[in-house]
Amino acid sequence: MQITSFGFLLFAAVLLVAYYLIPKKGQWILLLAASYCFYLWAGIEYLGFILLTTVSTYAATMAMAANQEKQAKYLAENKQTLSREERKAYKAKGKRVNRVYLIACLVLNFGILAVCKALLIEPFKAAASAGTFSFLSLGLPLGISFYMFQSMGYAVDVYRQTCAAEKNPLKLALFVSFFPQLIQGPISKFGQLAPQLYSPKKFDGKQLSFGLQRMLWGYFKKLVIADRIAAAVITLRGPEHTGVSFFILTVFYAVQIYGDFTGGIDVTVGLAQALGIKLPENFIRPYFSKNIAEYWRRWHISLGEWMKDYIFYPISVSQPMLKLSKAARKNLGAFGKRLPVYVASIATWFVTGIWHGLTPNFVLWGMLNCFFIVLSEECSGLYEKFHGRFHLKEKKWYGGFEIARMFILMNLIRIVDLFPNVGDYFSRIGSLFTKFNFHVLWDGTMMKLGLTALDYIILAGGIVLMFTISLIQEKKGSIRELLWQKNPVVRYALIFALLVIVLLMGNYGVGYNASAFIYNAF
Amino acid sequence: MEKLLEILDELHPDVDFETEEHLIDNKILDSFDIVTIVAEIDAEYDVAIPAEELIPENFNSAKALYALVEKLMDE
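So the protein sequences, as listed, match chains A and B. Quick note on the working numbering: the first sequence kicks off at 1 and runs consecutively. Quick note on the working numbering: the second sequence kicks off at 1 and runs consecutively.
Hints are computed from structural coordinates only; laboratory data are not their basis. Being a predicted model, the structure only gives us computed values, none of them experimental. It is possible that part of the hints are untrue.
For lysine to aspartate or glutamate, the following EDC-like pairs were computed, each having C-alpha atoms within a straight-line distance of at most 20 Å [stated by the list, open to error]:
# : chain 1 : residue 1 : chain 2 : residue 2
1 : A       : K308      : B       : D33
2 : B       : K27       : B       : D42
3 : A       : K323      : B       : D46
4 : A       : K308      : A       : E294
5 : A       : K95       : B       : D33
6 : A       : K337      : B       : E10
With the sequences and hints as input, model every part of the structure.
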């Protein structure tokens, strides 16, 4: 069930009414039932995957919790008799046992994810559909990358004892499957999300209204902008579009993926808010970033946080890395100090790349991001001197220049998503420096991309609206709070106008089904 | 504590680490800084800070960080 479908809206409406009518104790059970209904709607063949993750996570975390409890009890009972070393050795032994449970759980789950992702690419794809393993060619189970990362993060947290294990298997099942965020995140931490899922919720008109407004804004970005510009993105991927046409593709794809992904997250976060649940923000106006590190603190935040907590930090502070750090400092001076951080960054970006897909272009995408992060870190001293010498940071135009520079750089990196053959990507990048076909802007090429003049007008208006809203949010904070203080007639007139725009200008396909979200494929 | 302040000052000479209590919340320290600090502490105090301790509460102020180092030394 697409979250842009009328079926989904009806489903959400029935759930919201039932959610606030039934006794509060039963609200989380209703959410669990709704989440499984949503999942079954996608296909019964995927049910086994989510159940396996839920059961294996439950078994591993319960085993770790029982071990930790036993250990704490023993240490408390023998506090007086055990020496410091004995206590330390006993704790280390307990941790080793728990590490086995954790690793078993991680290997099983990430193994399944790796197999599912491998089956999307050749030669495994052809082998799976042709041979006796044809049942494996189901495609990627709905939301698997998201619910698996969320569940594995929880398992690591229990191992680290930064959160308590959930004893009720049904409550854990809800944490794994909570449907608004199941398909494209945000990837939540157990400590932030779980208590909210299980607590009783009183009806709050303001939260419901804010949630629905955010959903509407998400539908606008997805249906009016992203799905409209998608046609031109498909055309511009063709081999004949090089030079300036390729540059236009990078900008159009930036608009499409922003509308698609942030729009989908707006619908998710909005629906959760209407249910009284606050999900973490996944985007903070990323296209206003002035450097690449800032961009990654503003774009797909929950994935970045996950990678930082569970990949980057553990690698960076591991014993081999600390040894490397000591050796590098002695031999390489200041650069040596930063070397371990760079090694951990390469590993983290490699994992982030293959999370998106097991094809060379996604590995390249990760490495390009890593390269520019390291480059900007290494050049930071130089930049500071340069900025100071010409007092650039005090100049407004320079801030605008930095934003434009970052927007173009990220567009050029991101576009590799669309070229599974990295040779095609490099030849397109090369064409930017060799082909100056500016005439495509006025010779009629733009009218042959699958967009009409009206489409361009709607897109231009929509982009101006998104930009204006983002600017107001950046300067003055929440738009919905600002609207809330206005006269209700003005407020609801504006909301109604947006609803009419979505209904009239949404890019609905055959049977009024919008196209799938890009991040559903990851 | 003085050694720790030296480590922090070297990273960001413009920050007053004795008074600043929102090093993470105010985005003064980023993940690269945190990892550098962990390596420096390992070299200086011979204390390994595990990944699970890399949370904002432990890095928001020099005082909190020093308390963490002392706790890990005691363990």
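Outcome of the hint check:
1. In summary, the hint linking A/K308 to B/D33 is supported, as the alpha carbons are separated by about 13 Å, within the 20 Å threshold.
2. About 23 Å separates the Cα atoms of B/K27 and B/D42, which puts this hinted pair outside 20 Å; it is violated.
3. Only pairs whose Cα atoms come within 20 Å are accepted, and A/K323 paired with B/D46 is accepted, the gap being roughly 12 Å.
4. Our distance criterion of 20 Å between C-alpha atoms is met by A/K308 and A/E294, whose separation comes to about 14 Å.
5. A hinted pair counts as satisfied when its Cα atoms are at most 20 Å apart, and A/K95 with B/D33 does not qualify at roughly 28 Å.
6. Taking the CA atoms of A/K337 and B/E10, the gap is about 12 Å. The hint holds against a cut of 20 Å.
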